[in-house]
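Student: Using the sequences and the hints, build the whole thing.
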Amino acid sequence: MVDVLRYRTDEMVGDPGVTVDSFVDPVFGQTNASAVRLEPGDDARALLPYLDRLALVEVNFPAYGDGRGYSSARILREAGYTGELRAVGDVLIDQLSHMHRCGFDAFAPEHAITREAADKAIATWPEVYQRTVDGRQPIWALRHG
Amino acid sequence: MYKYDNYDQQMVDARVSEFRDQVARRIAGTLTEDQFKPLRLKNGLYLQLHAYMLRVAIPYGTLSGAQMRLLGDIADKYDRGYGHFTTRQNIQYNWIKLADTPDILADLAKVEMHAIQTSGNCIRNISSDQFAGAAADEIVDPRPYAELLRQWSSFHPEFDYLPRKFKIAVIASETDRAAMKLHDIGIRLRHDDAGAIVADFYVGGGMGRTPMIAPLIGDGIAIDHMVTYTEAALRVYNRHGRRDNKYKARIKILVHEIGADSYRSQVEAEFAHLQTLELEPPAAELARIQAMFVPPAFDTTAPDSVDRSDPDFAVWLDNNVHAHKQPGYALVTISLKPIGGIPGDASADQIRLMADLAQKHSFDELRVTHAQNIVLPHVKKADLYALWQMLEANGLGTPNLDLITDIIACPGLDYCSLANARSIPLAQKISQRFADQGRQQDLGELKLKISGCINACGHHHAGHIGVLGVDRKGVENYQLSLGGSEGADTSLGQITGPGFSEDGIVDAIEKATEVYLVKRENGERFVDTYRRVGMAPFKEAIYG
Amino acid sequence: MKILTGNDLKTGDVIWWTGYDWSRHVEDAVDVGSDADTILAREEATRRVNASYAIEAQKTADGVRPAHIKDRIRALGPTVRPDLTLKPTDPEIGNWVI
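Protein chains in written order, with the numbering used here: chain A, 671 to 815; chain B, 1032 to 1575; chain C, 7 to 104.
A couple of the hints might just be wrong.
Calculated cross-link-like contacts (lysine to aspartate or glutamate; reagent style EDC-like; alpha-carbon spacing at most 16 Å) [what the hints assert, rightly or not]:
hint	chain 1	residue 1	chain 2	residue 2
1	C	Lys93	C	Glu50
2	C	Lys76	B	Asp1502
3	C	Lys16	B	Asp1134
4	B	Lys1068	A	Asp691
5	B	Lys1504	C	Glu98
6	B	Lys1128	C	Asp14
7	B	Lys1277	A	Asp764
8	B	Lys1196	A	Asp736
9	B	Lys1356	B	Asp1168
10	B	Lys1068	C	Glu50
11	B	Lys1141	B	Asp1039
12	C	Lys16	B	Asp1131
13	B	Lys1460	B	Asp1538
14	C	Lys93	C	Asp34
15	B	Lys1141	B	Asp1104
16	B	Lys1550	B	Asp1473
17	B	Lys1068	B	Asp1039
18	B	Lys1068	A	Asp764
19	C	Lys16	B	Glu1064
20	C	Lys16	B	Asp1052
21	A	Lys790	A	Glu748
22	B	Lys1128	C	Asp19
23	A	Lys790	B	Glu1049
Partial list, derived from the structure: chain B residues whose beta carbon lies under 10 Å from chain A [said to hold, decoys possible]:
hint	residue
24	Phe1190
25	Leu1193
26	Ser1336
The set of hints was computed from the structure by calculation and includes no laboratory data. Treat the numbers as computed from the prediction; the structure is a model and nothing was measured. Where a beta carbon is used, it is the ideal one built from N, C-alpha and C, also for glycine.
Tutor: Here's what the structure looks like:
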C-alpha cells in the first residue's frame, strides 16, 4: 500500500478510482462512483459534467516525464472541482511544487517521500510568476497591488 | 536594460538553492542519473563528450558590460579560459565540473543571470532581434514583450514536462533577423489598422530532422492577451503533442499532423476559456518593463560622418557596421569568425575586452546574435575608428559579417555527444579556402551553415549553403544543401545529391560558388541566383 | 576487445575501466570480455562512474584504439584544440582520431 501525502483535512476516499471510460459510458457507466482515475491520454474535460459528485480524482503519472497530468489537474480546478486531486505513480520530490501549483492536494508516490521533505519541496518558491489555481498572487499582481 | 527587482532576485536565488540541493542529492546517490538528468538540463547542464557543459541564458540576447565580464571570469575560474556563443543567443562552457555548478549559478545570480530552462523539455530562453532598440525598421522594442514572456515561462508549473523542448522568438520589424518562423512560436509585433500593437503568432516552425516553416496561427492577437494566448497554445501542445516518439514530439509535428486550422480552433477554444481566469499581467507591468528599455541618452550633436581614409577600416565599416536609428550612432557587429578560427568561441580575455568596450562605447550594452557574433548596439560614429583598432589588435576585427567565412557551426563531434561528424574543422577549412577578402566581397552575402547532426543546431536548413554531417559506417560524411534562408524570405535548403568527405565538400562548395559567379545577374546574391536557375547547373558542376 | 568507459560523476572527466579502477587514459583500458554489464552495474551503483557503456576497441602497437571516432575523440579531447587534449605536445595526435 502506497502512503498518501494529503494536503487537505477531509476524510480520505477509500474506493479505488474507476477508469474514465467506465465512468462516463452512457450505457454501462458507473457515474455513481465517487473516484475516477485519469490516465495521461484521458481528456479531463470528459469529467466536467460530473464534478459535483466526485470526491477523488487520481491522476496517474506512469512516467515522471509525461506532463499531461499537469494540464489535467489545472483543467479540473479551473472548472471548479474541489475534491481531492491526487497525483499517483512516478511522482518525484522535485515535481511536488509544480504539481501543487497545478491543483494537486494529495500525492501517492511509488517511492515513499517523507512528509517533511514534501513540505519543504512544496515551499520551494518564495513567490510565483504565473496565476494558476493555487490561489497565490503572481509577482506581477504584487508589484501592482 | 531590464533590472531585477527583489522578486526576480529571490526567484533566481531560490533556483540556485534548489539546484544546490539537487546536485548534493545526486552526488550522495539519492537521485539516480535518470531522475537527475531533467533537473540538471533545466539548469543548462549537459553531459557532453569530454565533461559537463553549462549553457547560460542570455535572455533575448541582451547583456550588460558587468554581465559580459562575469562570463569571461567564469571561463577562467571554472572552465578552460574560453566560452562558446551559440545560435540560441546563449553561451556555453565545455569543461564544467558538476560539483562547481551551484557556485557558478550563484556567481551568475549576483549579476542577474542564470541558466534556467536553457535545456530540457520546457520553454527555453526567449530569443529576439539582435538589433532591438536600435534598428531603424522596428515599430517598437520587442524585448519588453520578450521579458514579459520570460517571466511567465520561468518555472511555469504546467509546462515543465512538455513533449519536447519549446523555443519562442519575438520580433517587431518587417525584416526578420531572428529566424522567427523557424521557432516553435514566432511572435511578430505589428500595428493593426487602428495603429494599436498586436501580435501575430506563427506556430509550429523548426529545424531538426523535420524542418518546417511556421504557419500563421494567431492573427493580430491583442497585446493585452499575448501571455494568455501563449498559454493556450502551450496547453494544446502539452495535452496533444506526441509522446510516443521523441523525434515526432515537437509542436511542428502536431500542427502538421492535425493541420493548422484544427490546431488554431483548439487554441482559440482554450484561449476563450483562459481569458476568464485573469492570467494576463496588467498593462502597468508591461509599462514597468518598458521603462527600463528607454533609449540611452544619445548625444544629439554627434557628427554623422566617418573618416574612411584607412582602407582596412573602411572594409570593416562596410561589412560589420549597420545604420542606427539615431544619427551620429552605428550598430557594430564584432565577428567571432576569424579566418581559420572556431566559430562562436571567444577567450576569457576577449570576452572581458568586449565588456570594457561596451562600457566605454555602447552605453554598457551588448547583444549576442544567432549567427554567433556579438553586437555593440549604440556606438558613436566618432568612436568607430578607435573601437576598430582595439578589436583588430585583439583578434576581433574580422570584416566578414554575412560573407562566406561568417560561418555558423555547431560544436559538432569535437564536443557534442549527439553529433555524428565534426563541424568545426570543416568550418576552418572553408574559412581558409575563402580567406581572400576580395574573393569574399565578390561572392557577397552568402550564409554558410554547418550542423554536425540532424538536430540542426547549426541551422543548415536555413543556409544559402548548408552542410549536414552524417556518420557513414563510422566515417564522417557531409551532405550539401543549397537555397535555404531565414528571415523575410524563409526557405529550406535542398540536398544536392550524394555526400562528400571533408576535403570533398570544400571542393563542392567552391564549385557551387563558381556556378554562381558565372550565372549571376545584376545584384543577385548567391541564393537569388540559385532560386532563379535552380539546382541543375549546380549539380552538374559539383558532380560532373 | 571490449572496454568500458563513462564519465567521472563529479568532474565529468572521461574515464576508462582498468580492471580495478578508472583512468583518464584509454591506454589503461582492459578487455572485460563478457563481464561488462556486471562491472558497469556495480560501478554505477557506487557512483564511481556516470553514463557508462561498453565499446569495441583494438589493441594496437600504440595502445588501445576505440573502434568508433566518437570514442577516440572522447579519449583524446577536441581535435580543434590540441592544447586541451591529453597529448598537447604531440602535433600529429589529431591523425590518431581519424
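Student: Checked against the structure, which of the hints given earlier come out wrong?
Tutor: 1, 4, 5, 7, 17, 21 and 26
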